[in-house]
Amino acid sequence: MVKTQSFKRQQEPPDLTGLVGMGFILLAMMPLVILPIASIFIFGFSKGPVHFWSALTEAPALHALQLSILTSAVATVCNVFFGVVAAWVMGRDQLRGSSALIVLISLPTAIPTAVAGFALLLLWGRSGLLGRFIEQTDYQIMFTTAAIILANIFVTFPLAFGVIKPALDNLDINYEAAAETMGATRWQTFRYVVLPSLRGAIITGALLTFARSIGEFGSTIMVSGNLAMRTQTAPLYIFAKFNEGDIESANAIAAVLALISFAIFSLIMLTKGRWGRWGRGR
Amino acid sequence: MNPELQPTTEPRRAALKVRGVSKWYGAERVLADVSFSIGEGESLVILGHSGSGKTTTLRIIAGLEKPDAGEILLNGRHIEHLRARERNIGVIFQNYALFPRMTVTENICFGLRIRGVRRTERERIAAEMLGLIGLTDQSDKYPGQLSGGQQQRVAIARALAYQPALLLFDESFSALDPQMRGGLRREIRALLRQLRIPALFITHDQEEAMELGDQIAILNRGQLEQIGAPEQIYHHPRSEFVAAFLGAANIIDLQLLAQPPLVADRSASAPPGRLLFRPEEVVLQPLPAPVEAPFLLGAGRVVEVGFAGATEWLNIELDLPAPRPLLIRVSRTRWESRQLRLNAGDPVAIGLRTFQILE
Chain A
1 MVKTQSFKRQ
11 QEPPDLTGLV
21 GMGFILLAMM
31 PLVILPIASI
41 FIFGFSKGPV
51 HFWSALTEAP
61 ALHALQLSIL
71 TSAVATVCNV
81 FFGVVAAWVM
91 GRDQLRGSSA
101 LIVLISLPTA
111 IPTAVAGFAL
121 LLLWGRSGLL
131 GRFIEQTDYQ
141 IMFTTAAIIL
151 ANIFVTFPLA
161 FGVIKPALDN
171 LDINYEAAAE
181 TMGATRWQTF
191 RYVVLPSLRG
201 AIITGALLTF
211 ARSIGEFGST
221 IMVSGNLAMR
231 TQTAPLYIFA
241 KFNEGDIESA
251 NAIAAVLALI
261 SFAIFSLIML
271 TKGRWGRWGR
281 GR
Chain B
1 MNPELQPTTE
11 PRRAALKVRG
21 VSKWYGAERV
31 LADVSFSIGE
41 GESLVILGHS
51 GSGKTTTLRI
61 IAGLEKPDAG
71 EILLNGRHIE
81 HLRARERNIG
91 VIFQNYALFP
101 RMTVTENICF
111 GLRIRGVRRT
121 ERERIAAEML
131 GLIGLTDQSD
141 KYPGQLSGGQ
151 QQRVAIARAL
161 AYQPALLLFD
171 ESFSALDPQM
181 RGGLRREIRA
191 LLRQLRIPAL
201 FITHDQEEAM
211 ELGDQIAILN
221 RGQLEQIGAP
231 EQIYHHPRSE
241 FVAAFLGAAN
251 IIDLQLLAQP
261 PLVADRSASA
271 PPGRLLFRPE
281 EVVLQPLPAP
291 VEAPFLLGAG
301 RVVEVGFAGA
311 TEWLNIELDL
321 PAPRPLLIRV
331 SRTRWESRQL
341 RLNAGDPVAI
351 GLRTFQILE
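Residue numbers (the numbering used here), protein chains in the order written: chain A, 1 to 282; chain B, 1 to 359.
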């Protein structure tokens, strides 16, 4: 663990008003947030760990988890790459119309996920705008792994960019000028000076994108076809098993997804502390 | 180019020549036909207020900005069309711009790495540079772990490592604590002398300019007002701006003086122009004793006396039929003030050791 130094307000001995206030916040969060999360684990393990393990290791369950991790990973790589390139191009060259471009990049977060999935169907489906050309070949995009990846990319599109762009904007422009006067080309400057300084933002952006992707439901259910052992992601598996009345199986995967989210969340918190320290340079 | 702006020192081989450089930002001209040169192993300080165009001048020489007119020669070679990375110039930025994710050694090696120097050779040079700046024991630290003074020295070592043809210092002392500046300035001056690398400093601090510059160039609203050795500029400023910028100066319209000091040695009539003299060039004598100074300015009355450590300062009102009271500033050494103790209200005779007439 890395300790981060911060100068917070002096820790005062807890007074009664403060304790009552905190108690109230926790009380309000109980039915809203804390109990729902807790019940996943309470029910998941209610029949003992052996039962939990066997529910988890069923072939469709494992396949669903693997598919979710794979598609989320691919979407993360794509969006982080895009985020870095877009931030670099826009932040440093001040293109005309870049603020309009930022709005466009950020748009996917504002669109309901079911609408996003539907939109992808309209584009890539059999009679879709582009899908009709693919229809003539032997290939198909909708109802395949590729469709899930496309949906994940769409709904998480601005997340990495949204973290990387401000980090790049905050980077002292003189680092680049200094590298240039020392003889570095634009690429060398980017590779050796800018990219390492963005490391924290890239890690955070990747984790955010992955966390959002792995839980994606609305768009996935539209485009994947929800075929067990083929295009069924973990959230779809939970929903399917719940519909079948197989609560234990749904519960096991739900617990795993919740744990993955906690892990990612902790990593984000950790990277903030770790990379925030030397990030500003002086 | 205005021949008057040529430095008056003997001709020397110039490492850097800047000729007629101009720069516009939109309709605003930020540099107007700026020309100067820096001799081999010499240092030049461009002194100017913020907005005078000094930073633009530095950035143009570094290749970070393009001039709209003019040429720049480095060791006889035209460089104005080259990119910054092709110029082989070292820049020490105001906040040093040390790469935060690289250690001190990695920062120093960066320019060499870019030039494809082998690792063993890079490490040898880095060790040498660290020895030169006295930070051998800090080689594995990150910039964030160093003090401001140490960061500045690393920035210098980083620029020196690839043997640049010229060093540019962009207000490199302003971020440091005032107590440290003096020591670091002397250190850098000694280092530059030792390595014989020509250097250009830009600053708004006159003390820094006098300490660092073999030559000082005064830049005012994009125009070079004067260039020359520090003593020359201090004692023979060509304009009121230069006189007032470099130290304190008294400036009086000659028409106001009943008996201009010139009468002591030249013809009697008061010429047009302004009289300029430094506070420390004034000699005060008790009235009616004759002034033992080359030139007599007239009589006056002490208005205020103050203590400034090594010196004493006085405000003196001249006895002249001027529309407004005419005050001059005088500074005296402790020895001088012991010779003649003065208090507010005392009448005095005022003489000048030297003075200058501005047209």
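None of these hints come from the bench; they were simulated from the model.
The model shown is predicted, which means the values in this text are computed figures rather than measured ones.
The reader is advised that the hints may include incorrect statements.
[Said to hold, decoys possible] Partial list, computed: chain A residues near chain B (C-beta under 7 angstroms):
id, residue
1, Gly48
2, Ala177
3, Ala184
Glycine included, each C-beta is placed from N, C-alpha and C at the ideal position.
Each hint, compared with the structure:
1. The criterion of a C-beta within 7 angstroms of any C-beta in chain B is not met by Gly48 of chain A, whose closest approach is roughly 49 angstroms, and the hint is violated.
2. Interface hint status for Ala177 of chain A: upheld, as the beta-carbon distance to the closest one in chain B is roughly 5 angstroms, under 7 angstroms.
3. Of the supplied interface hints, the one on Ala184 of chain A holds, with its beta-carbon coming within about 5 angstroms of a beta-carbon of chain B, less than 7 angstroms.
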